[in-house]
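In case you want the letters, here they are:
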Amino acid sequence: MFWRKKKRPLSDLSEEIESHLALEADQLREAGQGGNDADSAARRAFGNVTSVEEAFYERGRWLWIDSIARDVRQAFRLFRRRPAFSLVVIVTLALGIGANSTIFSVMNAVLLRPLPYRDPGRLAMLWQENSAHEIRQGRVSLPNFEDWKSGNHSFEELTFFGAQTFLLGNPGGPPERMRSARVSADFFPLLGVEPVLGRVFGEEEERRAEPVVVLSYRLWQRNFGGSPQAVGADVLMDGRKSRVIGVMPESFQYPFADTQLWEPVTAHRYWTTRDHTGSRSFSIWFTLGRLRNGVGFDEAQADMSRIASRLASIHPENRELPEIRVVPLRTQTTGSVERPLAVLLGSVFLMLLIACINVANLLLASGSAREREFAVRRALGAGRGRLAALLLTENLVLALAGGLLGLGLAGVALRGIVAYGPRDIPRLGEARIDGTVLGFTFALSVFTAIVSGLWPAFRTGGATVARSRHWFTAADRRVRDLLVIGEFAIALVLLAGAGLLVRSFALLERVDPGFRPDKLLIMRVDLHTGRTGEQQAAYFRDAVERVRSLPGVSTAAAVTGFLRSDPEDSVLMEGRPARQQPGPCADVVSGPFLETAGIPLKSGRLFNDDDRKGSTPVAIINEAMARTFWPGENPMGKRFRIWADQPWVEVIGIAGDMRRQGFEKQPAPQVFLPEEQRPDDMMDVIVRTSSDPMLTAAAVRKEIQSIDPTVAKFNVATVGEQIAEQSEDRRFQTSLFGLFSLIALTMSAIGIYGLMHFFVVERTNEIGVRMALGARYANVLGLVLKQGLTLAVVGTAVGVVAALALTHLLASLLFGVSPTDPVTFVGTALVLMAVAALACWVPARRAARVDPVLALRRD
Amino acid sequence: MPTQSSNDDKERAALLQGTLDLLILQTLVLGPRHGQGIARSIQQQSEDVFLVDHGSLYLALQRLEAKDWVKAEWGTSENNRKARFYQLTAKGRKQLTLKTGEWHRIVHAIARILTPAAEPEKG
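For the record, the sequence lines run as chains A and B.
Numbered according to this note's numbering, the first sequence spans residues 1 to 859.
Numbered according to this note's numbering, the second sequence spans residues 1 to 123.
Chain B with its partners taken away, still in its complex shape (with noise of 0.2 Å):
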């Protein structure tokens, strides 16, 4: 279960820089979330890989709409309770394109680096 305690904190991968920022877009693609699960959306598409401090989440949701990627209403939740739900808006969905076009690369460089059989080997 999604707890976190700061002795986990060194052992756990940090996130990218950048990448909550992404993973938040991605999520929203399927439609609006509120805060709590959009949390959850992560974890459990990442099989818990990522475990996401929910207050840098609103953090990051905060810069999001400041940027006008996203933008906020307040709505009710399935089981009634008064959340704030969040959209993509054009501009946000730009954004994902063009950032997952830049994660690809980034990660397609990075994979051809840590991959040695597919570089020319060394005499």
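The following block holds chain A by itself, in its conformation from the complex (with noise of 0.2 Å):
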């Protein structure tokens, strides 16, 4: 092997041809033939001997590798003479490859890895749905369900599973909430994952009922040690025994991120008190499929809907939601952002570009400076092509030393990303430099290395000694001028876009909520199942009353799901004949609610102690229910009803709007309904502090936890971090897309500064000239200010014009101001010309302080 054999070196062949020679001559000086004839002779016979020797030389070697060693140990040669030009090159790069690669592992993670199923791709969720009422992915019945599953044709499996909240009994403490996921035993061999350790149940188990559960490896490390001692445990759910008998790998985390136990759907308590109904409106279930081989999810859909239609022309309780949609696992997990993150990487990309052309603007700059030594390469025989490939060596030693330490940036970046990042991109946790980063980071180097140095390559090929004097030829500036014309086009771009969504950003900031959210805390508390409704209403009038007379607070309430709500499915107004869809939210509240909320009352009455469980049911609507269900007439007085088994309500009072559902979504109709007369188990504990909220916190979680310590209680927060994390992925793509369009700016400021600077480097003689023959110092400066801002200028217009092409990308993004918005454009062009004239004006300075006698000198 060549590799182990120490190879031959020239000297030793040259050494032995020496002695063949000699031999030779030996042997016809003993056939005669005289001293010097005899050693020519040999010589003759031997042949070329260098020829000889270079095929020795030249063979097992590639010589292109050879020679590109050789201008690799020039590049470093470079470096070390050059440093800081080097160091800017580096850096430049580092920063547009970087960022590039941090985008990208995020990419990657989220949405190139595939799902940790087996075959993921042929995995699917099926929702009801009813697109005339924008009702989506609503979730279906058991009889539905079983129709589904055996009139389709296109699935292979097909499973049903829920979710659901219990308490995790702590021996010594006070429960703990958890998600558990209720899923049948064909959902893990439809998903195709193995427990890590034990096993998971299997369809005698369900069908007996049995209370066995199979733990998240979270739980597993946390509550076990990752013991395998673990699996025949107990875990006490809701007060009852359940068995571990196994755990699921760390990357299985379906149906959500944060199930820490799976049990068969049928163990749960519920399955034989309220689940197992015959009604195909009780839609509370998910459902899962894994496709045929070889169907598509278009077939599959197809099949769906006509399955759909066919039981919306039977039951009449599907006309709600009709529809049926097939969505791809992949989509459902992560489609929602893959549009932001699309857009982040384009954003990066365009960044990346900027750095490149800057770098191509150095290296002319460079080139220039090395004029004489193309110059006598080129006339010692190097060709245009060689000249090139050296040039283009030393950018990619360059880039691949930029892409090196962008690697390094990337890798803080990530692990800042994923530790403060926005907590509902799903699998973002699992970004992290590997083997595909580091490809896409060489490969995004060598093309780095190549889009900035190929011009300058090109130019430095023809390079002549005649030449080398006058180096910028007027195609050279006009290349210099494109470049730096698609700078700024580049960078009006980004940070148009940027400035849409800190638009945006700032447009949801100044939206009025409806409520003061100011100041205050809140804390859900479940009762859970097993007290009676007037248990139930006791429990949250007793905890509000207590938290009020605690110092600090002003005063509580308490409704279910203070941030959250979703719509009823329909409603019915006294003296219409059809219920209308979708219905309002409804929600429940004990205590002032409205007063705590900071929501005002617009006409009409509060809930008094009068209204309790026996007297007339009565609500107080906000203003978009009055507008919605009764146009132009006063809702106050009118009857409706939202649940069939329920009395009829009567409107006592109207609200002021609140933007519950996210400040984005435009306030939705709803019902407030007095806890007395609907009790319900699970409520939000709201409080209105006097100072600051989380002064008073402790006190509050300790006051709740005093009435009744088997119950769960989450965390206490105020409602500003809640609504702040409403808008976490907002800011997060905001400061993102901000911070890069930031670096473009400045490295498009450097790039006109720089070329500006070598255009007074370069005219200083003429500058002279002009300034001895009368030109004043305004003359100048205006002079090299006309001749950068130009460039600016017309930069900036066609980036207006690319901008206007591309932001309609941004528009699903966008709050409140349209992808074309004209303050933010004209803002924009400001900026960028006002950072253009900043940047232009040191040399421009520079170029009118010349004395003319030195510039006159200088040759």
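These are calculated hints, taken from the structure and not from any lab test.
All values reported here derive from a predicted model rather than from experimental measurement.
Heads up, a few of these hints could be off.
Unchecked claim - Quick look at which bits of chain B chain A covers, simulated, 3 or more residues with Cβ under 8 Å:
#	stretch
1	28-37
2	75-89
As the list claims (entries may be wrong) - So the derived label-pair ranges between C-beta atoms look like this:
#	chain 1	residue 1	chain 2	residue 2	range
3	B	R105	A	S14	36 to 44 Å
4	A	N48	B	K67	21 to 29 Å
5	A	N48	B	T100	27 to 35 Å
6	B	D68	A	P9	14 to 22 Å
7	A	G435	B	A66	32 to 40 Å
8	A	S14	B	K67	18 to 26 Å
9	A	A419	B	A66	56 to 64 Å
Every residue, glycine too, gets a C-beta built ideally from N, C-alpha and C.
Join the two chains, each given in its own frame, into one complex according to the hints.
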């Protein structure tokens, strides 16, 4: 093997040839030829010694590798000779490449890496929908599910499952609230995931409703320290014992990231008390399916639509959700983040292009400083291609160094993003620098080297000694002008995009939520089942009273879900024949809710002590409800009914609108009902404090804990925090986009500064002559500024056109501004011009201060 | 006497590719030799039909050495000059048998084609 055997040195061959020639001459002399004749005859017989030596040298090597090795050595020498230049190039490229690698790593983890299930491309979730009423992704009832399962021809398997919260008993402490998944025995085989420890349950256990559970990896680690003894141990769920039979792998987090255990769907108390009804409108189950081999999602959709229309025609309950939607699991999991990530990747790529342009400019400038070197190389016989290869190799070394540094930056940035990024981006935690990212970064570095080095390399190939004094031709200047124009155009696109996002964010911050979110604490309290309605109502009445009497608390109340509420399926208005769809959001309140939340009462009255069990059922509605269901009428005293088994409810008051479903959405019609009349077991206790809410939080938690320690509570948080969490995605995206465009802006400024600086240095002579002939300070200043600003203006104009064409890609991410918002565009253009003026100002002043005598003497 | 000029090239039958290797190996059967000795031996044994370009001889030797068919070490010639001596390896010996057999088959086949008497007459 050639890498083990020492290569025979060329000198050894030369020696052998010498010996051959001597031997041959000896022999010729023996045969009678005279002294010198014999030597030259021997040489003639041998032929061309040098060509043999060359052939020997070239054998087993590739010459181009040889010359690349030389170019690489040369590049490293240059690095040592011009550390500042190299460092600027490397850092510029590192910023561009690092940003790309970071976003790509996220994309790789979230979108590209396959889901951790067997053959995940064939998995889909199925939903009931009503597109006319914009009801998306509704769940399904058991009777409907059975019909789907038996009627379809597209799915190999279909399974249903539910999500439930439960209280995990802790010996010697309050129970903990967690999420479980209630699944069928065919759930695990359908996904094709094996447990890391123990086993999953089978059909027999499901049928017998055995209390067995499969733990999540996280719960196993946390509560059992990862011990194999966990299998066979008991856990206490809602006060009942269940036996642990297995542990799922760490990557398995289906259906929800916080699912802590899986139990047979039949094992839950609800299965016999509540779930297993024959009602087709009791739609609480999720559906997951695996497509038959070779069946596409479109085919499956057509198949299910056929079933849907049949079911809707037979069963009237199905008309509320008459359609079935098949959603690939991939889309279901990460579909919502595809666009934002693609936009981010696009933006960092534009930023990288700006970096490339700056590097190209730097290389051109450095090319002029090395003109003599190139001319000499040319004169010594280096071909055009050879010189271009030299420059490209130099650039490649710089780009790879930049890539390496960029990878380091990406590593740091990723850790920050995983730690502080939005929590609801699925699989974000898996983002890391792996082989794919390494390959991407390498490819990007090579791309960068070629893009930024191509023109300078091509340029340099033509260097000749004669031309070396007039390095820059008109063509060069045009190219450099074009580069700066391109740079500004790209910067404008990025800035405009960032501007639109920032403006959306600002508009969103200014949205009137309809309530006062400051100094408001929120804590979810779950009584769970096992209490009568009276007991539930009494608990919350007591809790609210106790909290209100705490120091630092001005008022408190309770509501079912303060910041989140889903509309009811339908509502029936008294005196109208048909139910209207969809219905309003309906929430139960206890205590002075409107006052605590800071929602104004527009007309009518608040709930009082007379609104209790047995008295006339009453409701306070919001203005959106009044507008939607009683347009042009006074709703006071009108009656409606949401649930068929409940009595008519009378409207006694109208409250202001409150944006509870997120600030980006219009306020939904809303009904508030008193807890005394319609008790609920899970409510958010909200507390308005008179000072910093977090100072009171501990006291509130302790007070509620003291009422009944077995009741599970979520953490106390401020409403402000929870609202910030809602806009976390947007904040994350806007700040990243903003950061990228700021870097792009800085790079463009450096780019135009560099160009103008060079322009001034190159024309020092001419400026000297102009000044000697009477040009003033202002004239020279104007000359340089005009030159630079013309480029900036052209670049900005090109950028505006490009941005107008591109920003519609952002449309779905904007709030309250159109993708072509004139304010943003004009503002962005002005910012860019101001930066350009500033960047040109320094070289312009330098030009204006040229001493004509010195300038003319320079040559 | 062995001289070579570019004019002669065209008139002389080019050594078949790989033939030189075979000839070198054959020359070494009798014992180690240095390069110049190999060249001379090939010429003499072929009754001067083959004029070996000494330069390409060394490239061929290098090739054989890389394949481990021959090994070489520096020694002293009969007339006390320093020379590099080549020697067949076991691998080289096996190759020689193999290539010689191959060569004979080729020669036989070509001879049959070139000698119409051995072929059935066509009508």
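Here is what the structure says about each hint:
no. : hint                        : result
1   : 28-37                       : holds (count 4)
2   : 75-89                       : holds (count 6)
3   : B:R105 to A:S14: 36 to 44 Å : holds (40 Å)
4   : A:N48 to B:K67: 21 to 29 Å  : holds (25 Å)
5   : A:N48 to B:T100: 27 to 35 Å : holds (32 Å)
6   : B:D68 to A:P9: 14 to 22 Å   : holds (19 Å)
7   : A:G435 to B:A66: 32 to 40 Å : holds (36 Å)
8   : A:S14 to B:K67: 18 to 26 Å  : holds (22 Å)
9   : A:A419 to B:A66: 56 to 64 Å : holds (57 Å)
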